[in-house]
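From first to last, the protein sequence lines are chains H and C. Everything in the first sequence is counted per this note's numbering, starting at 1 for the first residue and increasing by one. Everything in the second sequence is counted per this note's numbering, starting at 1 for the first residue and increasing by one.
Simulated from the structure, these hints should not be mistaken for lab results. The structure presented is a predicted model; accordingly, all values stated were derived computationally and were not measured. Please note that a few of the clues may not be correct.
Identical copies look the same in the list; a pair holds intra-copy or inter-copy alike.
As the list claims (entries may be wrong) - Result set (SDA-like, lysine to any residue): computed pairs, CA atoms no more than 25 Å apart in a straight line:
#1 Lys62 with Arg178
#2 Lys62 with Gln107
#3 Lys132 with Arg147
#4 Lys62 with Arg128
#5 Lys62 with Asp191
There are 2 protein chains.
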Amino acid sequence: MSVTVITYDRDMARWEPGARERLERAAMELFVERGYEQATVTEIAGRAGLTQRTFFRYFADKREVLFSGGPALQELMVTAVAAAPQSAAAIDAVGAALAVAGDLIQQRRDYSRQRQAIIAAHPELQERELIKLATLAAAIGGALRGRGVTEPAASLAAEAGVAVFRIAIERWHEQENRQRDLPDLIRDSLDQLRAVTGGR
Amino acid sequence: MSVTVITYDRDMARWEPGARERLERAAMELFVERGYEQATVTEIAGRAGLTQRTFFRYFADKREVLFSGGPALQELMVTAVAAAPQSAAAIDAVGAALAVAGDLIQQRRDYSRQRQAIIAAHPELQERELIKLATLAAAIGGALRGRGVTEPAASLAAEAGVAVFRIAIERWHEQENRQRDLPDLIRDSLDQLRAVTGGR
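One chain only, chain H, in its complex shape:
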């Protein structure tokens, strides 16, 4: 079974180098040019110089192109939580994960901004975003439990961290001049959460 899978991946890699990235780029170009609803899978594949069939090897549907980075980001964040110093408090382990994610997304600023605008305009994409963020929070909560953090502290720290992440990304995109970068806004939002919750 695993041999079959490996062969299949090799074939894909040989036939279509960088297919996933080409499809993502083509999709975003078309979403921006023609609007998310208007762009079809056939057009996206055509723009990427690939077939519709290849598109569906990588993505279940058109929506999923906008969420394809999610699993890798989640894995990075879970790894960062696990790798934080054993002495780190739960919220600081979460902060380390947010910092890693912030660095990565900062490098794809224009893509992130375009993606955010499309999601904001489509309720069904907002739903999927909420589900992905809930999954991310659950994964981070699991990683905290793996560090020995008990419930409900693990879930609370994870949910609060994901709220900070989401709100920091919104602040980042809302800036007129982009004077502050995402890692900075994540740190600031986490500090503000501390101030808000600890402030009495």
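Guided by the hints, dock chain C onto chain H, whose structure is given.
Same frame as chain H, but now just chain C:
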């Protein structure tokens, strides 16, 4: 236009006293007895002694029966945020809203437990729950801004509060013996959030 609406509401009230509550009760009975998927709108209406047409006056679809309490709960919580003493910190105004919601849900413990079990078993219901909770957080954030709380503190306090609310309800339902009531678990979860985020 508003005259028409008022007449319509009056007619409904005269024709079907307590129709909404009867439909909710009938729906939950059927969901528990036969499973959520199997129960049809026709059966729910029949069990409540009403017509399918009456059902659709109150609810857009079968799913919506499980979320019909949401808008009233949200309004109560928003009112509680606005009514908190002017000197109260943002998180304490949110805590007041959670306390009001906790008291109300505590009185419908069995309904809440059955509802939670059905939602947990159906991804499409979890999606709707996530959307409703995101809407609730946005409304609470708006109420905090109405008190003069600035962003991102308002959104952070609101999101953190809704996370506390959700996690406290989960803890409440997970208890073997129900030894702690929901308002108590909400207070405790809020304290644990403070400890988690303020703990350095």
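Do the hints match the structure? See the list:
For the homomeric pair Lys62 and Arg178, neither the shortest alpha-carbon distance inside one copy (30 Å) nor that between copies (45 Å) is at most 25 Å. With identical chains, the CA atoms of Lys62 and Gln107 are at most 25 Å apart within one copy only, with a shortest distance of 24 Å there and 44 Å across copies. In this assembly of identical chains, Lys132 and Arg147 lie within 25 Å of each other by CA distance solely inside one copy; the values are 23 Å within and 32 Å between copies. Taking identical chains as interchangeable, the C-alpha atoms of Lys62 and Arg128 lie at most 25 Å apart whether they share a chain (12 Å) or sit on different chains (21 Å).
Taking identical chains as interchangeable, the C-alpha atoms of Lys62 and Asp191 are never at most 25 Å apart, the minima being 37 Å within one chain and 43 Å between chains.
Hint compliance for this structure: hints 1 and 5 are not met, and every other hint is.
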